[in-house]
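Just so you know, we're using my numbering here: the sequence shown kicks off at 1 and counts up by one.
Hints in this document: simulated from the structure, not taken from any laboratory.
The reader is advised that the hints may include incorrect statements.
Unchecked claim - Pairs of lysine-lysine residues, derived as DSS-like cross-links and limited to a Cα-Cα distance of at most 30 Å, are as follows:
id : residue 1 : residue 2
1  : Lys19     : Lys157
2  : Lys175    : Lys157
3  : Lys157    : Lys111
4  : Lys81     : Lys19
5  : Lys157    : Lys81
6  : Lys157    : Lys82
Claimed, not checked - Label pairs and their in silico Cβ distance ranges:
id : residue 1 : residue 2 : range
7  : Ile61     : Lys19     : 16 to 22 Å
8  : Ile61     : Leu143    : 27 to 33 Å
9  : Ile74     : Leu182    : 17 to 23 Å
10 : Trp50     : Ile74     : 31 to 37 Å
11 : Ser25     : Ile160    : 19 to 25 Å
Glycine included, C-beta positions come from ideal geometry on N, C-alpha and C.
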Amino acid sequence: MDRIILFIALSVPVIYISKQSLLDSRSHGFTRFFSWECIIALIVINYELWLREPFSLRQLISWILLFISLWFVIEGALRLKKARKPGIVRVDEKLFRFEKTTALVTSGIFKYIRHPLYSSLLFLTWGIWFKQPLAVTLPVALLSSWLLWVTARRDEKLCIIHFGDSYRQYMDNTKRLIPFIL
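Go ahead and model the full structure; you've got the sequences and the hints to work with.
Here you go:
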């Protein structure tokens with residue numbers, strides 16, 4: 001019962017911030033919401049194990065993935081913030097403020113991947129899963145990963161509309177989610 005309450009408590013703010021996206025099943029925010037829900041489910045299942053056997057192989061892998069996740073989100077968010085141009089506004093109610101970039105960001109982590117914030121969620125998913133890698137939770141982690149891939153694809157369609165050929169060229173020179181791989 002405690003886990004259900006925790007799941008609901010963690011889901012309420014995610015539902016609130018995603019409410020606009022949940023009205024459009026084709027938006028990238030729609031699939032991102034369900035990925036977040038998968039991540040919350042993994043947290044609720046594994047939260048008691050975060051500090052058990054801290055030097056086991058699974059824990060070491062988990063912490064590496066979690067630190068990569070943290071680095072990607074910090075680096076990505078800072079690059080997006082730095083790229084904002086005062087006075088220029090991108091209007092789209094379905095986008096979060098940080099997503100409303102007016103200039104194509106291609107420096108820092110964006111030089112290697114197009115979606116470091118979604119990558120962060122991907123590494124977070126697997127970092128949490130490795131806290132207790134169970135066959136029963138593997139489908140949840142795989143679903144979260146697939147949803148993030150779909151989210152990135154949908155976001156790219158918006159970026160092509162907004163940035164045009166410069167984004168297409170950027171796509172040719174970068175990976176989607178994992179540097180040098182995917």
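Hint-by-hint comparison with the structure:
no. : hint                       : result
1   : Lys19 x Lys157             : 21 Å, holds
2   : Lys175 x Lys157            : 15 Å, holds
3   : Lys157 x Lys111            : 19 Å, holds
4   : Lys81 x Lys19              : 24 Å, holds
5   : Lys157 x Lys81             : 22 Å, holds
6   : Lys157 x Lys82             : 23 Å, holds
7   : Ile61 x Lys19: 16 to 22 Å  : 35 Å, violated
8   : Ile61 x Leu143: 27 to 33 Å : 20 Å, violated
9   : Ile74 x Leu182: 17 to 23 Å : 21 Å, holds
10  : Trp50 x Ile74: 31 to 37 Å  : 20 Å, violated
11  : Ser25 x Ile160: 19 to 25 Å : 20 Å, holds
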